[in-house]
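Just need the whole structure built from these sequences, with the hints factored in.
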Amino acid sequence: MVIDDLVNQSGEWLKGTGPESDVVVSSRVRLARNLNRYPFVVSANKSVLREIEQFVRGKFGELAGTPDLHYFPMQDLDTLQRHLLIERHLVSREHAVEEGNRAVALTEDETTSIMINEEDHLRLQVIRSGLQLEQAWEEINTLDTRLEKVFHYAFHSRFGYLTCCPTNVGTGLRLSVLVHLPAAVMSKQMEKVLQSLQRLNYSVRGLFGEGTSPVGDFFQVSNQITLGKVESEIVRDLNRVIPEVLKFERSWRQKLLEQERGKLEDKVWRAYGILTTARQISSEETMEMLSALRLGSHLEIIRGIPPKVLNELFILTQPAHLQKIAGRTLEPVERDGVRAEFIRKHVPSV
Amino acid sequence: MICEKCKKSHATVHLTELVNKEKREAHLCQECANSSGVNIKFTFSVSDILGNIMEPKATKGSKETSKLKCSHCGFGYSQFKSKARLGCSQDYEVFQEGLVPLLEKIHGSTQHVGKVPQSADTEIRKENELVRLKRDLTTMVKSENFEKAAEIRDRIKTLELELGTPG
Numbered sequence: 001m002v003i004d005d006l007v008n009q010s011g012e013w014l015k016g017t018g019p020e021s022d023v024v025v026s027s028r029v030r031l032a033r034n035l036n037r038y039p040f041v042v043s044a045n046k047s048v049l050r051e052i053e054q055f056v057r058g059k060f061g062e063l064a065g066t067p068d069l070h071y072f073p074m075q076d077l078d079t080l081q082r083h084l085l086i087e088r089h090l091v092s093r094e095h096a097v098e099e100g101n102r103a104v105a106l107t108e109d110e111t112t113s114i115m116i117n118e119e120d121h122l123r124l125q126v127i128r129s130g131l132q133l134e135q136a137w138e139e140i141n142t143l144d145t146r147l148e149k150v151f152h153y154a155f156h157s158r159f160g161y162l163t164c165c166p167t168n169v170g171t172g173l174r175l176s177v178l179v180h181l182p183a184a185v186m187s188k189q190m191e192k193v194l195q196s197l198q199r200l201n202y203s204v205r206g207l208f209g210e211g212t213s214p215v216g217d218f219f220q221v222s223n224q225i226t227l228g229k230v231e232s233e234i235v236r237d238l239n240r241v242i243p244e245v246l247k248f249e250r251s252w253r254q255k256l257l258e259q260e261r262g263k264l265e266d267k268v269w270r271a272y273g274i275l276t277t278a279r280q281i282s283s284e285e286t287m288e289m290l291s292a293l294r295l296g297s298h299l300e301i302i303r304g305i306p307p308k309v310l311n312e313l314f315i316l317t318q319p320a321h322l323q324k325i326a327g328r329t330l331e332p333v334e335r336d337g338v339r340a341e342f343i344r345k346h347v348p349s350v
Numbered sequence: 351m352i353c354e355k356c357k358k359s360h361a362t363v364h365l366t367e368l369v370n371k372e373k374r375e376a377h378l379c380q381e382c383a384n385s386s387g388v389n390i391k392f393t394f395s396v397s398d399i400l401g402n403i404m405e406p407k408a409t410k411g412s413k414e415t416s417k418l419k420c421s422h423c424g425f426g427y428s429q430f431k432s433k434a435r436l437g438c439s440q441d442y443e444v445f446q447e448g449l450v451p452l453l454e455k456i457h458g459s460t461q462h463v464g465k466v467p468q469s470a471d472t473e474i475r476k477e478n479e480l481v482r483l484k485r486d487l488t489t490m491v492k493s494e495n496f497e498k499a500a501e502i503r504d505r506i507k508t509l510e511l512e513l514g515t516p517g
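Residue numbers (our numbering), protein chains in the order written: chain A, 1 to 350; chain B, 351 to 517.
Warning: the hint list may mix true and false statements.
Derived lysine-lysine pairs resembling BS3-like cross-links, with alpha carbons at most 27 Å apart [what the hints assert, rightly or not]:
| no. | chain 1 | residue 1 | chain 2 | residue 2 |
| --- | --- | --- | --- | --- |
| 1 | B | K431 | A | K46 |
| 2 | B | K358 | A | K46 |
| 3 | A | K247 | A | K263 |
| 4 | B | K484 | B | K498 |
| 5 | B | K433 | A | K46 |
These aren't lab readings, by the way, just hints derived from the structure by calculation.
Printed below as a string of C-alpha cells:
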C-alpha cells in the first residue's frame, strides 16, 4: 500500500452510499488503549517512545487474521503524505505534526486506522459511510480482540481500560457521527439542537475536530461518557438519538422547500454558479458551496450530481490532495487558482 | 424574554452565576452578551470541562495529597492537576483520591462495567462480571422480568462463592 496512491481511490466512507446519507456523512468509532508495560505517552521520553513504537511494530508483524494492516512509521512519511492522511480522517492533526516515534497502521479500504503513540499507545478507529454505528462497533470490537492476542493492555478492575486522559477511561470508546444540518442552520434551530444534545451528554463540534468553528454546516456529534456504561449501551444510546436529529433536519428541509423555495433554490444555484465559474476559491468557500450543492442534490433542486462526486470533491480540494494531484507544492494563492480549475473540471454540467 | 441590557432584542443568552450559594441571573441578547465580554464558545473543549473541575479544594488531606508522586513515571499531583492527564497505569492508584470525584463529574460513574481484556486475570474478569450482573439484576427487577432476574441472581451467587466474597 502506498500513501500517495490514496488520491486515486475513494475511501469507503466517502462513497456516500451508507444509510441516511442525506444527512449523515459518516460514523466513526474509536477505542483508546495503552500497553501495560510502558508509561503513557505524555510521560515517556524519546527513547521510551522509540522502544514502544518498535515493540508495537514487531507485534504487528505477528498479528494473525484479516484485514491486512499496513504499518507506516510517521517519520517515513513526508509532510504532504501526512496531510493526505489528516484530510482523509485517518490520523489526527497532532499525530501528523508531532516529532518522531509515532506510526499509523491502515487497511487498504481506509475503513480502519490505528495510531501508535498519539495521546495513548494505541488509538483504533473505524469509519463507515452514513449511519452505521453498530457495524462500525462490531468491526472495531473484533479488531480490539484480535490485537489483545498480542498486546497486554493496561486495565484496572474499577477504572477499566486505562487512558492518559480521564475523559477516555473505562471503555475508551468514543463514537462520532458526522451530520450535515444546513436546514437547521438556515432555520436558526442549531442552538436548540446543540442544547438538547449537550443536555444528553453529547458534544457537538464543527468539522475537523476540537475548537474549530463549524464549516459548511457539518457537525460532529460525540459521546462524552466512556465510564460506567457497557459499550453496546453507548452505541445503542447514540443510535437512538441521531434519528431524532435526522427527523428534525428533514422536517426543516421540507419546511424550507414549502415556505422558502425561492431562497433555497437561489442558494443552491448560486453555489453551482460559483463552483463552475470561479477562477480562485478558498477551501472554506469550497466547503460552503459544496454544502449548498449537497443539500440541493438531496432535495432534487439540482439533478445530475452524484453524491460520490460531491464527497470526493470535499476531500480532493483540500490543500494536500490538491498538491498531490497537481504534482507539486503550491503557495496558498496559487492553490486557490488550481482548486478553482479542478472544481470547474469535475463538477458535472447540469 | 427581552434583553435586560438593551431592552430591545430577544434574550438568547441566559447566564446563571452562583456566588456563595446565592444565585444571580442575567438574560441578554447576543450583541449585549458579546459587548459585555461574555464569550460564548460554540463548542466546549475538554480543558474547559476539566479546568473548572480541577479547582483546588480546601480538603483535610490536601497537603498530603499535593505531595503525592508516582514512583513509576514521576508524575506529581500538581502535574496531574495542571495537565489533567495521567502518566502511567500506576497513577490511577496513586491519585485515586483526587481521581474519583473527577471521574464522577465527567462520567457520572467510577466503576467500569464494559469489556474486559482476555489477558486480565480470571479474578478481575469475574469481579467485573459480578458488577455487570448486579447492574443487570436491578434492570430486570425494575422491568419486572423476574424470571431473568432469578437466573442472574443464581449466577451472582455462584460467582460470589468462586470469588469468596460475602453475599
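Now for the hints, and whether the structure bears them out:
no., hint, in the structure
1, B:K431 <-> A:K46, "holds, 24 Å"
2, B:K358 <-> A:K46, "violated, 59 Å"
3, A:K247 <-> A:K263, "holds, 22 Å"
4, B:K484 <-> B:K498, "holds, 12 Å"
5, B:K433 <-> A:K46, "holds, 19 Å"
Hint violations for this structure: number 2 only, all remaining hints satisfied.
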